[in-house]
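Colleague: Each chain, written out:
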Amino acid sequence: MKVDSGDFLAIMGENGAGKTTLAKQLNGLLRPSLGKVTVDGDDTTKKSVAQLSRKVGIVFQNPDHLLFSETVREEVGFALKNFGFEPGVVVKQVERTLEALDLAHYAETSPFLLCGGGRKRVALAAVLAWEPDYLILDEPTIWQDYQQKERLRNFILQLNSQGKAVVMVTHDVEFVAECNPKVVLMSKGRIVAQGQADEILSDDGLIEKASLVKPQMAKLFSQLGEFGFPRDVVDVHRAKMLLEQKLSEAKVSVAQSS
Amino acid sequence: MAETQAGTIAAKDLGFQYAGSTSKALDNINIVIGQGEFLLLTGPSGCGKTTLCRCLNGLIPNFHPGEMSGELLVDGVSVNDETTSELSRKVGYVFQNPENQLFALTVEKDVAFGPENLGLTRQEIRDRVDWAMEAAGTVALKDLAPYELSGGQQQRVALAGVLAMKPSVIVLDEPTSFLDPRTAEEVMGAVDNLRRENGITVIVVEHRLDLVGRFAERIVVMDHGRIVADGRVEDVLDAEFDRLSGLGIGLPKVSLLWSMLRRDGLVSERLPTHVESAVKMLSERLRN
Numbered sequence: 001m002k003v004d005s006g007d008f009l010a011i012m013g014e015n016g017a018g019k020t021t022l023a024k025q026l027n028g029l030l031r032p033s034l035g036k037v038t039v040d041g042d043d044t045t046k047k048s049v050a051q052l053s054r055k056v057g058i059v060f061q062n063p064d065h066l067l068f069s070e071t072v073r074e075e076v077g078f079a080l081k082n083f084g085f086e087p088g089v090v091v092k093q094v095e096r097t098l099e100a101l102d103l104a105h106y107a108e109t110s111p112f113l114l115c116g117g118g119r120k121r122v123a124l125a126a127v128l129a130w131e132p133d134y135l136i137l138d139e140p141t142i143w144q145d146y147q148q149k150e151r152l153r154n155f156i157l158q159l160n161s162q163g164k165a166v167v168m169v170t171h172d173v174e175f176v177a178e179c180n181p182k183v184v185l186m187s188k189g190r191i192v193a194q195g196q197a198d199e200i201l202s203d204d205g206l207i208e209k210a211s212l213v214k215p216q217m218a219k220l221f222s223q224l225g226e227f228g229f230p231r232d233v234v235d236v237h238r239a240k241m242l243l244e245q246k247l248s249e250a251k252v253s254v255a256q257s258s
Numbered sequence: 001m002a003e004t005q006a007g008t009i010a011a012k013d014l015g016f017q018y019a020g021s022t023s024k025a026l027d028n029i030n031i032v033i034g035q036g037e038f039l040l041l042t043g044p045s046g047c048g049k050t051t052l053c054r055c056l057n058g059l060i061p062n063f064h065p066g067e068m069s070g071e072l073l074v075d076g077v078s079v080n081d082e083t084t085s086e087l088s089r090k091v092g093y094v095f096q097n098p099e100n101q102l103f104a105l106t107v108e109k110d111v112a113f114g115p116e117n118l119g120l121t122r123q124e125i126r127d128r129v130d131w132a133m134e135a136a137g138t139v140a141l142k143d144l145a146p147y148e149l150s151g152g153q154q155q156r157v158a159l160a161g162v163l164a165m166k167p168s169v170i171v172l173d174e175p176t177s178f179l180d181p182r183t184a185e186e187v188m189g190a191v192d193n194l195r196r197e198n199g200i201t202v203i204v205v206e207h208r209l210d211l212v213g214r215f216a217e218r219i220v221v222m223d224h225g226r227i228v229a230d231g232r233v234e235d236v237l238d239a240e241f242d243r244l245s246g247l248g249i250g251l252p253k254v255s256l257l258w259s260m261l262r263r264d265g266l267v268s269e270r271l272p273t274h275v276e277s278a279v280k281m282l283s284e285r286l287r288n
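For the protein sequence lines, the chains are S and Y, in the order given.
The first sequence begins at 1 in this note's numbering and counts up by one.
The second sequence begins at 1 in this note's numbering and counts up by one.
Source of the hints: derived by calculation from the structure; they are not laboratory data.
Positions of the beta carbon are idealized from the N, C-alpha and C atoms, including for glycine.
Careful, some of the hints might be misleading.
25 angstroms max Cα-Cα, derived SDA-like pairs, lysine to any residue [what the hints assert, rightly or not]: (1) S:Lys246 <-> Y:Pro65; (2) S:Lys240 <-> S:Glu99; (3) S:Lys214 <-> Y:Phe215.
A few chain Y residues facing chain S, derived, Cβ under 8 angstroms [what the hints assert, rightly or not]: (4) Pro44; (5) Asn97; (6) Phe178; (7) Leu256; (8) Val275; (9) Met281; (10) Ser283.
My request is simple: use the sequences and hints to build the entire structure.
Modeller: This is how it looks when you write it as C-alpha cells:
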C-alpha cells in the first residue's frame, strides 16, 4: 500500500479487520514484525515516534485518549509549542484551526466540558494545527452531525489541494460515498481490495466480505438495474441526474401515448 | 402505581442548566414516552440530546450538577424521589464512549457486575449474564479484558452489561459509532427484538438516521435545548425535510434524493425513508 502527497484515502473493513493497527504503523506507534513501512523513504524502525509525528499526525478514534489541557486553545497549541514553532505562528495556526473546525467560541472552555462531537473536533484540531504532511484520522466522523461532516469534508479537500495526504479509517459509508476517495478495503488483517469508492461500495462481493453495507444510493441503483442504470452510483447528485433524465423521458412518452 | 407504568417517561416543562454554563441545556421539554416505544432522538451537536438522556437515569442532577426545573417521571415516579442507583435499575444507559462504563478484568465479569450488585441468586446472575452476552453478541469475548477490545467490541460489551440489569428503559447514546455498518444493523436489530419480546422502551440518540430509521417508530428532534419536531419518522421527514436539513441533521440519502426530485416536479409521492419504498415507487413510474 502506498500513500502519495495530495492523496485522500479511506481504510474500511469490519470491526477487528486491522484498520487501526495499520494506521498506527504509519507513524511508528507500532513497528512491523515482518515487512517494512517507510515515510518519505525513511524506515519507521529507524526513526522515533516524535520524529515521525512531525510528518505523520494521527487523530485517535477516541478523543478522550488525546485531551488533557485546561482550555481548548491550549490543547490545540500544545503540539505546536512542543515542535518549537515561533509564538506568532502558534497563535495564527491555533486561530485558523479553531475557526475551520467551528471551535472558536469554545477557545477558553475546558475540552472536557464539550459534548462528544465537540471533543472529537478538538482532538482533530490539535493535530491539524501543525499541518503534518500526512494526516491519519481514525473514525473522524463519529459523534458529528451532518453539518460538521460537511465542514470536515471541505477541510480535508482543502488540505488535499495543499498537497497534504489524508488517510481516514472509517465505517461511515455515506460519508465515503460523498467524498469518493480511494478505498483500501481490509478484512481479517489483509487488504482485500483497493479502488475508487464508487467501485468498491457498489460491489456486492466486497461489501459482504468486509461486513459493510452499501450506501443507500448503491442499494437503490442495484435494484433499478432493469431500467438500464449503471450500478456504481453512490453519490446522491449523480443519482438525481440519472433519474431526472429517465423520469423526464418517461413523462414525455406518457404524454405522447395519451 | 409504579408497577403499571413500567417503561414510561413523562417530562413536563423540564429544564436544565449546567453549573457554570450561561445558557439552558434543556428548555421547556414536554414529552410522554410509552412503554415499548422505539424512539429516535436526534438534533445538531450540542442541542441537548445527551443532557436529556442523563436526566432519565439521575446522572443529572446527581452527578452533573446544575439547576433543574419542571417535572420528570420515570415509571410514574419523579426522578427527584429516587437515587441514581434506584433509577439505574429501571433505566439502562449505554454511553457514547463505551470506555466510560467498562472496568472489570474480563468481559464476563463486567457484564456480571450489575446483576451481582442487585443481590440476585447465583443462578439468576448466571442466567442473566449468559442471556445478555448472547443477545449482544459478546459470548466469544467473555474471557478477554475490556480494555484490549476494539471500540466496536467494547460498545457491544457495554450493551450486554446494561441488558443484564433487565431495565424497563434502555437509553443508547450513539451506540453504533464504533461499529461496522453490518454489526451496527445487527446490534440495532437485537435491541429491537428485545423491545418486541420484553416490552422494553428504547431511546436511541443517533445522527445517522439511515441506520436507526427503519427500527424507530417515532423521531424527536431537538435544537437549542428544545424539542422542535416529534412524530412518526415518515411523517416528520416528509413534512419537515427542509427544516431538518437546515439544522444539519444527517437525513437518509434516499429521502434527500426524493426531495430534490419532488422539487423539480418529477415525483409527487411522500418522501421514502427506506430504499425499498423508493425502489417500489420509482419502478412503478419508470415502467409506465
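Colleague: Now look at each hint and say whether the structure bears it out.
Modeller: Hints, one by one, checked against the model:
1. Note on Lys246 of chain S and Pro65 of chain Y: the hinted pairing is violated, with a Cα-Cα distance of about 58 angstroms set against a maximum of 25 angstroms.
2. A threshold of 25 angstroms between alpha carbons decides the hint, and for Lys240 of chain S with Glu99 of chain S the separation of about 33 angstroms lies outside it, so the pair is violated.
3. Straight-line distance between C-alpha atoms of Lys214 of chain S and Phe215 of chain Y comes to about 18 angstroms, which keeps the hinted pair within the 25 angstroms bound.
4. The interface hint given for Pro44 of chain Y is met, as the beta carbon of that residue sits about 5 angstroms from the closest beta carbon of chain S, less than 8 angstroms.
5. Because the smallest distance between the Cβ of Asn97 of chain Y and any Cβ of chain S comes to about 6 angstroms, under 8 angstroms, the interface hint for this residue holds.
6. About 7 angstroms separates the beta-carbon of Phe178 of chain Y from the nearest beta-carbon of chain S, less than 8 angstroms, and the hint is met.
7. Because the smallest distance between the Cβ of Leu256 of chain Y and any Cβ of chain S comes to about 6 angstroms, under 8 angstroms, the interface hint for this residue holds.
8. Taken as an interface hint, Val275 of chain Y checks out: its beta carbon lies about 4 angstroms from the nearest beta carbon of chain S, inside 8 angstroms.
9. Restraint check, Met281 of chain Y versus chain S: the minimum CB separation of about 11 angstroms is more than 8 angstroms; hint violated.
10. Hint status for Ser283 of chain Y relative to chain S: holds, with the closest Cβ pair at about 7 angstroms, below 8 angstroms.
The structure shown violates the earlier hints numbered 1, 2 and 9.
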